[in-house]
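J.: Given only the sequences and the hints, what does the whole structure look like? Please build it.
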Amino acid sequence: MSPRPRPPATARASNAEHTAMPHLVILYTPNLEARTDMTALCRTLADVMLEQRDEDGRQVFPTGGTRVLAFPAAHFAVADGRDDYAFVYLNLRMGTGRSDAVKRKAGDDLLAAVRAHFAPIFDRQLMGCTLQIDESPGQVYDGKHSNLHPLFNKG
Amino acid sequence: MSPRPRPPATARASNAEHTAMPHLVILYTPNLEARTDMTALCRTLADVMLEQRDEDGRQVFPTGGTRVLAFPAAHFAVADGRDDYAFVYLNLRMGTGRSDAVKRKAGDDLLAAVRAHFAPIFDRQLMGCTLQIDESPGQVYDGKHSNLHPLFNKG
Amino acid sequence: MSPRPRPPATARASNAEHTAMPHLVILYTPNLEARTDMTALCRTLADVMLEQRDEDGRQVFPTGGTRVLAFPAAHFAVADGRDDYAFVYLNLRMGTGRSDAVKRKAGDDLLAAVRAHFAPIFDRQLMGCTLQIDESPGQVYDGKHSNLHPLFNKG
Chain G
19 MSPRPRPPAT ARASNAEHTA MPHLVILYTP NLEARTDMTA LCRTLADVML EQRDEDGRQV
79 FPTGGTRVLA FPAAHFAVAD GRDDYAFVYL NLRMGTGRSD AVKRKAGDDL LAAVRAHFAP
139 IFDRQLMGCT LQIDESPGQV YDGKHSNLHP LFNKG
Chain Y
19 MSPRPRPPAT ARASNAEHTA MPHLVILYTP NLEARTDMTA LCRTLADVML EQRDEDGRQV
79 FPTGGTRVLA FPAAHFAVAD GRDDYAFVYL NLRMGTGRSD AVKRKAGDDL LAAVRAHFAP
139 IFDRQLMGCT LQIDESPGQV YDGKHSNLHP LFNKG
Chain F
19 MSPRPRPPAT ARASNAEHTA MPHLVILYTP NLEARTDMTA LCRTLADVML EQRDEDGRQV
79 FPTGGTRVLA FPAAHFAVAD GRDDYAFVYL NLRMGTGRSD AVKRKAGDDL LAAVRAHFAP
139 IFDRQLMGCT LQIDESPGQV YDGKHSNLHP LFNKG
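These protein sequence lines map, in sequence, to chains G, Y and F. Residue numbering for the first sequence follows the numbering used here, beginning at 19 and increasing consecutively. Residue numbering for the second sequence follows the numbering used here, beginning at 19 and increasing consecutively. Residue numbering for the third sequence follows the numbering used here, beginning at 19 and increasing consecutively.
Calculated directly from the structure, the hints in this document are not laboratory data. All values reported here derive from a predicted model rather than from experimental measurement. Certain hints may be false.
One copy or two, either will do: identical chains are not told apart, so a pair holds if it fits within one copy or between any two.
Stated by the list, open to error - Below, in silico cross-link-like pairs of lysine to any residue (SDA-like), each with a Cα-Cα straight-line distance of 25 Å or less:
1) K123 to R76
2) K121 to D98
3) K123 to D98
4) K121 to L50
5) K123 to G99
6) K121 to E51
7) K121 to P48
8) K121 to E153
T.: Take a look at the structure:
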């Protein structure tokens, strides 16, 4: 599928990667499907994640571990159901170990991008967007198998 | 899409709304799709949420923040796979700050509605339903952008 | 749907079942759909869960409570988006009360099965797989309605 030379896969991530391994899951009502470009939103939000830097100027989220997945519901109910309400829920799960400032900025930047994305329809579409960041709650195991990390980590 | 006049959007919810912001996500095996009306279940469960009252008679879940989203799996395996088993997983995520009694009653009422919904097929369909409520575990950021809350909160 | 005689449904699980109630949710990029058999992966992983035994030789995950559900995203972005990257996220949610060794072995065995499943395409598909196990974080309610457990628990 890809012409790139492939570095050896890592069976287990380093500690540094463990702390930051992020993914953003978007769940939304299907009435938005024809009204907005969700693939574009995924790319925009991935780019916002890739642009995050910590207090020392280092990339917060590793490139090979950044991913955004969006799922339209097949069935839904929002509020009192008396209008064509829409809802977008965004959940970013990241490892522990980041400062409050880094987490706050990531959240603010992502939410700003969500607001900008939906601005063209926000004045004619009743909708709610909620973004929450979870710091890997209750996690007792974390393993990975990837040929993406080494691709981006190579010198 | 909607003829209703629109109040100004809120960029950040009040504390009161923060504590209760609920959403219910339903994940289910696709063998149920043709056997039951999942849109009806979503509406029923949203209504159950809207009817919840706390010890002081106040609505537990704000109308504009109540939403139910249902997703059929594309692929699945249940138990030993020797029969046409079905499974429905319901997860209600709500903010912290509610009493144990309120949470228990919300769970019991939702589970009762799930049981009633599936009663017509429960004696001929091998199936399991699990309902869990999580109190926003590990949450480190919570932001929203909505024109729904002000719609329902206006005098 | 099923010819099997049906035992009476349980409205609430026993404590023993509560501790282990597992489900595994797989979220993945849709570019994998035509390249691998996700239904086969679901079955394989369910079997790995069913084979788990604790220090006393007892089945870790009850048969009637074991389920795997897989959902392809409708939209996605991975890493820098410059190639046809794929991503598979696997999350096993289980109740509390298992030993660290049991949780570690379950994770290792599941990850090994994931690696084996994707081995045929791993050298030509840029992809990342992440498996995380959560111990029911923040859970404040847990109810069930099922005719599966008694089916498998009967003498």
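J.: Now, for every hint given, state plainly whether the structure supports it.
T.: To see whether the hints hold, each was checked on the structure:
Taking the shortest Cα distances, K123 and R76 sit within 25 Å of each other inside one copy (14 Å), while across copies they are farther apart (34 Å). Taking the closest pair of Cα atoms, K121 and D98 come within 25 Å of each other only across two copies (21 Å); inside a single copy the shortest separation is 33 Å, beyond that limit. Taking CA atoms no more than 25 Å apart as the test, K123 paired with D98 passes between copies only; the shortest distance there is 21 Å, against 34 Å inside one copy. Within a single copy, K121 and L50 get their C-alpha atoms no closer than 28 Å, and across copies no closer than 31 Å, so neither meets the 25 Å cut-off.
In the homo-oligomer, the alpha carbons of K123 and G99 lie at most 25 Å apart only across protomers (23 Å), although the nearest pairing inside one protomer, at 34 Å, exceeds that limit. Proximity of K121 to E51 under the C-alpha cut-off of 25 Å is found in neither arrangement, the shortest distances being 29 Å within a copy and 33 Å between copies. For the homomeric pair K121 and P48, neither the shortest alpha-carbon distance inside one copy (29 Å) nor that between copies (29 Å) is at most 25 Å. In this assembly of identical chains, K121 and E153 lie within 25 Å of each other by CA distance both inside one copy and across copies; the values are 9 Å within and 20 Å between.
Consistency note: the structure conflicts with the earlier hints numbered 4, 6, 7.
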